[in-house]
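Construct the entire structure; sequences and hints are all you get.
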Amino acid sequence: MNSINLYPNQFVPHFTNGKLGLKPVVRTGSPFEIHYLQQATTMEIGHHEKLCCFQVIWIKKGSGRFMLDMETYQINDNILYFISPGQLHKVEANEMIEGYRINFSPEFLKMSGGMSGLPFATGVTDQKGAAPIIRVGKDIQMEIEVVVKTMMQECENDYPLKSEILMGLLKIFIAYFSRRFETKEPIETQKSEAELFNRFMLSLDNNFVSKKNVADYANEFSVTPNYFSEIIKKVSGFTASHHIKQKIVLEAKRALLCSEITMKEIAFQLGFNDAAHFSKFYKNVTGKNFTEYKKERN
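The numbering used here numbers the first residue of the sequence shown as 1 and each following residue consecutively.
Honestly, the hints are just simulated from the structure, not real lab data. It should be emphasised that the depicted structure is a prediction, and the values quoted were computed from it without experimental measurement. Glycine residues also receive a C-beta, built at the ideal position from the N, C-alpha and C atoms. Incorrect hints may appear among the rest.
Just the calculated beta-carbon pair ranges, DEER-fashion [claimed, not checked]:
| # | residue 1 | residue 2 | range |
| --- | --- | --- | --- |
| 1 | Leu202 | Glu95 | 31 to 41 Å |
| 2 | Ile165 | Gly287 | 46 to 56 Å |
| 3 | Lys138 | Ala276 | 50 to 60 Å |
Restricting the straight-line Cα-Cα distance to at most 25 Å, the calculated cross-link-like pairs of lysine-lysine (DSS-like) are [as the list claims (entries may be wrong)]:
| # | residue 1 | residue 2 |
| --- | --- | --- |
| 4 | Lys90 | Lys233 |
| 5 | Lys162 | Lys212 |
| 6 | Lys247 | Lys264 |
Spelled out as C-alpha cells, the structure:
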C-alpha cells in the first residue's frame, strides 16, 4: 500500500515550520480549483497534508485507506470525502485512483451562499474532527458528473462571469449532498444565534492558542459569558468550554502527526506556560496522559 499525492505542484499545503497557532501556508493558487484524478500508487507523500482550503475528493474508482486526523476510513468506489480547513489527511492506495478533487477557499464558499447550515460549510464536523463521508448513489452519479465536468470546462476557459458560474455550480454540487448528512433532531435556532456560533468557531480556529476561556470569546462578541454559553449549547449541543477544550486536544494530536516535537514544545506552542500544566489539562479532558497517547500513535 502506497501513499499518493493528490495535489498539483501549485497547490501543496503544509504545516508552517512545524508550529501550531500559525495558519498553514498554501502556495499561490486559485480560490477555486478542480482536477481530474488518475494517479498511480508510485507517487508518495509519506506524511499527512494540512489544508487552508475546503476540499472534496470524489473517488470514483479505487481502494485503500483514507486517514483524516486520527481516524482511518476504507476507500471504496464512488465515495465523497469532505475535508475542512486545518484537518490533516493522507491517502494510501492499493491501486490506481480515479476521480476528482475540488479545492475552494472559505471566502469562495461564503460568496457562494446558502450553505451556512452545513457542518461542512462551517468547518464544524464532530468532536473527533471526522469529515462527512457520503456514498454517491447510482441514481445521481451521472447528474453529479455533469456538474463536475461543467466546473472543469469553466476553469479551463476565461469566459465572462466565470466566478459567478463556478459559485452557482458549487452551490448545486453541495446541495445534492446536504440532505444526505446525518442530522440530529431539529432545534429551533434563530439566524442570529447560528451566526454567533459560526463566528465563535471561526474565532476559535484562529485564537485557540491565546484564548482559552469562555469569557474571552464572550467579550469578543460583546455578550455576557452566561448568555454566550447558553447560545452555543443551544445551537451545537455542547458548551463553549467543551468546544475550546476539544479544539486544543485536537490540535495537540495533530501536532504529533505533523512532526516529532516533544510534549514540552507542543505545550508551549499551544499557549501553556509549562508541560506539566498542559499534561494536567490533557488528562482532565481525555482521561488519559498525553505521553500514553503518544506511545499508542507510534
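Hint by hint, here is what the structure shows:
Checked against the hint of 31 to 41 Å, the pair leucine 202 and glutamate 95 passes, with Cβ atoms roughly 39 Å apart. Taking the beta carbon of each, isoleucine 165 and glycine 287 are about 50 Å apart, inside 46 to 56 Å as hinted. At about 56 Å, the CB distance of lysine 138 to alanine 276 agrees with the hint of 50 to 60 Å. A C-alpha spacing of about 32 Å is found between lysine 90 and lysine 233, which places the hinted pair above 25 Å, so the restraint is violated.
About 42 Å separates the Cα atoms of lysine 162 and lysine 212, which puts this hinted pair outside 25 Å; it is violated. With a C-alpha separation of about 18 Å, the suggested pairing of lysine 247 with lysine 264 holds against the 25 Å cut-off.
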